[in-house]
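Chemist: These protein sequence lines map, in sequence, to chains A and B. Note that the first sequence covers residues 10 to 673 in the numbering used here. Note that the second sequence covers residues 10 to 673 in the numbering used here.
A hint or two may mislead.
Because identical chains cannot be distinguished in the list, a pair is counted as satisfied if it fits within a single copy or across any two copies.
[Said to hold, decoys possible] Dumping the calculated SDA-like pairs for lysine to any residue here, alpha-carbon to alpha-carbon at most 25 Å:
hint, residue 1, residue 2
1, Lys445, Glu417
2, Lys671, Asp37
3, Lys255, Pro164
4, Lys141, Ser639
5, Lys194, Pro164
6, Lys73, Ser668
Hints were generated in silico from the structure; no laboratory data involved.
There are 2 protein chains.
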Amino acid sequence: MTDNLYTLSEIADKRFSHGEDIPQNIIDGIRKIVAEGGFIGMAQINPIAGNIEYNAKKIAKYIKYACKIGLDMVVFPELVLMGYPIEDTIDRHPVIVDENIKWLKGLAKITVGTTALVGFVEPRKKDAEGKKYYNSVAILKDGKIEGIVRKSLLPNYSEFNDYRYIEPSPVVGVQPAETLGKFDKDSVKEGSKLFEKYGISICEDCWNNKEFFDKHLYEKDPIEELACEKPEIFINCSASPTRAKKEQLKHNMLSFIANKYKTPIVYVNQVGAIDNSSFDGSSRVFNSDGELIARAKSFEEQFLIVNPSKNIGKIYPLTKGLDKSLTEQKVFTLEYESDLERTYKTIIQGIRDYFKKCGFKRAVLGLSGGLDSTVCAVLLADAIGKENVFGISMPSKITSNESRSDAEELAHNLGINFTEASIKPMVDTTTECLDKLFETVAEKWDGRYKTPFTPDNIQARSRAMFLWGISNEFASCIPIATSDKSELYMGYATINGDMSGGFAPIADVPKTKLFAFARWMNANREVKNAIPEAIILKKPGAELAIDPKTGKPLIAEDALMPYEFLDEIIWRVENKNEGYQDLIKTEFLYEKHNPISIEQKTEWIDKFFRRMSTALYKWSILPPSVIVESRSINKYDYRQPITSSKINYKGVEDSYISSILKED
Amino acid sequence: MTDNLYTLSEIADKRFSHGEDIPQNIIDGIRKIVAEGGFIGMAQINPIAGNIEYNAKKIAKYIKYACKIGLDMVVFPELVLMGYPIEDTIDRHPVIVDENIKWLKGLAKITVGTTALVGFVEPRKKDAEGKKYYNSVAILKDGKIEGIVRKSLLPNYSEFNDYRYIEPSPVVGVQPAETLGKFDKDSVKEGSKLFEKYGISICEDCWNNKEFFDKHLYEKDPIEELACEKPEIFINCSASPTRAKKEQLKHNMLSFIANKYKTPIVYVNQVGAIDNSSFDGSSRVFNSDGELIARAKSFEEQFLIVNPSKNIGKIYPLTKGLDKSLTEQKVFTLEYESDLERTYKTIIQGIRDYFKKCGFKRAVLGLSGGLDSTVCAVLLADAIGKENVFGISMPSKITSNESRSDAEELAHNLGINFTEASIKPMVDTTTECLDKLFETVAEKWDGRYKTPFTPDNIQARSRAMFLWGISNEFASCIPIATSDKSELYMGYATINGDMSGGFAPIADVPKTKLFAFARWMNANREVKNAIPEAIILKKPGAELAIDPKTGKPLIAEDALMPYEFLDEIIWRVENKNEGYQDLIKTEFLYEKHNPISIEQKTEWIDKFFRRMSTALYKWSILPPSVIVESRSINKYDYRQPITSSKINYKGVEDSYISSILKED
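Kindly produce the complete structure, drawing on both the sequences and the hints.
Modeler: Right, dumping it as structure tokens:
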């Protein structure tokens, strides 16, 4: 029966996602299986933030389908009517909160036979103490709103900022529909916390089990409270973005809860990207023994039918990398293989949704023949279609013939549009104009650098001038910023140059991972080996300046430090919270095969902190990018005052403090 | 006696702020007056975020001085050791939290005779439920930490984000020193909440009076709790930035509290700017009848001695505009006069502190002869010194001779450095290169615009190329982004052009206010009429394109809408939370003397919302800027997903919803 259900479901799904009618015999087939009761549809959908009509239409389509096939219930992700995160939009445009209530009532009317759980932003009672809104789920049934569940635990870390506008619910579980829009502490109705046999919660509400976690962010455990009333099924509506370390934790945690309370849990997650956050979906069900019995696809919309009480479900494969184990993430390694499919899908979804949701169609980027722009080109071709990508090789006098031919070969292999445009005339004219200007300025100001970066930057900015020019001249086209994470940490990117663009696809991917990523794409894409081997083999360098010692273009690692070393610092700072003194004491992977002096090591670590501190400004103007790793420099994820750039990252001795404070 | 105290204090203050020794006879004079007891020093200081040593040295200087003159107590602002806001810095660099504890202990040792209240970031007990830190004040006395007060109410709106890392204190008032770094709910010691006769609280803790405010953000009122124990004096350590509407509210609220509980309140505020937030200081004391008896200067560091119980204090004048009444802010007006001194000082402090705290010395900006760059030039000359400012006139073929001579005259009047550098060669070369490239792209792509903005943008970007070039070539110099608030709302600014820079001084000042501001500066600066009248009189226009109808440069208002109308929309959206439908119904000031059709009005309001939605990306890459008005588009103050640009700001009818949801 199960096989039959999923065969039919997949046929239906395919029709459904193309907006086609599903043949009546398929509907009837599913209906027959589902008729025995206990079946739930997990509607893992991809909303657009603030676009209520778009979201409501999509929700309606799934509700009607669920009603048509006779499911007991259809469950949507957290805040599905609004999209998550919605941030300050609800404060600046309160009209969309009113609208989401109107559409919610409309959705209630079309919910017949099946119960629907729909997330929305709920205004609170006027003049109630606290924030203006609740993060709520409405229970829609037989044309009406039957009850409301409100989120109790509000995450306020990383990209999450719930507490800014959302009031924590004073009570767990379901409350009467009459409280809609006017709920407050004094309106709490005692009575069952459950809706029928279901214990319903919202996202973070299930992330505070006191046995499972060592560290608790909140006092309350909503699941524990629900469990006291012995629900037959837990349901959690979620919007949980992918992060390098999260899936394994989530899996273990949900399994633990189901097993602990001997109650199955149905977890429905948002899919799709909203700006910098990419949600992986992978909605799932654990049975009352904590065993995984169903899991929806990762990074795709899907409608998955399950029966938690009868162990009926289908487990679609998790995108590789999502399952990366917690133990293997405890040490730094250059073996990125296990995380590359997740990285690929996270970024592809991030690009695709950003373009689609903003209404862009095409991208233009510089192809230098180097690794960063190469990886960006492949990702763009896959995300928005090769015909929508234009790669421009923009050689300068420093650019080698190899770089030019590598770029062309790449474009050819990818099938993207390609042309070459020399920046030489612009660089020459600009240099001439600037040299004259500098002479004048130098008459008034000292402090002219002996070896400035000006010539390097003129090249990078001339290239950006080309790319933004095309973006201005052709409709629906944005230029791409190709900076990678390692170089952004070091501020090794030119303002208004390579770090400028409408979107930055690899801003959260470190350089050593990019090498592995390029190889992975060569092996795993339909067209194999699109990336010329020469590009992967060459040492990264911006080809912006000549090394006076060698007469050859400067290699980035000479200006910075070995990428392997740099990336381990980044990994340790982000994943282990290690500071300067910890890093000095740590043995680096790099050191295992490249013995270095402590002076050399200290110099690199110093350079890292020094350069990172002066990169804060650059991070603040970084274009939208996809968050990929467990922590990032994305400005919606990490904020540090630019004026704090002079912090002492080394710390001082107590005796130094005494001596300083005693001075007069 | 009072007069004598303030005469002596001012002499001491002047020496103090220059780092000179204060003559012994002055010290003795103050000491004699203060000896009778009850005197408190309000140390209104300007910290650097995260620079513990810098802050601690400054605090030590004030503590020593307070001890030397024999004050009962010296009070510092909230989080003074760390600077406020510190944001994610404490998570990424936990070393600075350890350091602030070490320095705090050092400061305790030098506190002898006088009690010092010093704000710091306090780590919580390891594995305690909730966030990692408290926002605390240490009571230092006789070489030891005597007790700790922790903040209970955590603001999480506008630029505030306390709740991200800070746990609300479970208890109001003072707790024993032994709890330092290991405090939690279970360590709460019952007993007096007061320290000696003082009821001590931190910033937001005093902003929840249930009688004074109609709307309460929190349940608890810490002041009410302290009041139950009948303190003789309330003390509040604060870090409260200036906002258009805040001072009057703050004054009334503090006065209300003092009078309600018949207890004087000493309110010590941070001064100085940290990135985008500018703090005005204006620390003050209200006596037990709620009368203001002392107020420190605005926008300046100061050490003010007061005796709250004996009504001894000095009231320094408030910067004009800070006192703007709440009633006059209820309607939109072009009478900006009353807010201009505050605007000036807010921005001057913002520029000065950003430069100083980041280590920049010099600024370069384009002088177009237009209002925006003119106002920026004046502000920079006043903030960092005329010799540190370089104004570059960068004419194109569209630039009028008047604009060129106006720019030169302005520079001459200001005494800043000035030169002219034609962008013509760059524009010509770039245009030629781009035209060729566009032909190639057009072979593959359709959608080439008939009247693109490309030529306009080439000019703006060529200018930015000059400015960033100088910044790269000369030490400690950053270019200035001159965009104003009205134009940023409309996205009327060029990426990598005029909106690009290291700092954006007037990004939160609307255009109509800038006109008034220019006149105000002409009347109030030491050098009168530095801004040529012609600059104020001319219609704003970017001089980037020719109007085909008139053959003259396009006027910005033709491309957008009248600034007076635009600025009223902005004002209403920001101050009244009005949406599209409200705006349509409102009678605009502009309409009183320019009758317009409803079609025209609707067109402008539509244009506003449409353009604003597509400006979200530009706002996300806006350089650091000073928040001036009560709300802003500054990204640390307002965040909306860029992908939410398609929200329906008009709303729909219920019948529309039914019809859409019924469709199949």
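Chemist: To test your reading of the hints: which numbers does this structure violate?
Modeler: none
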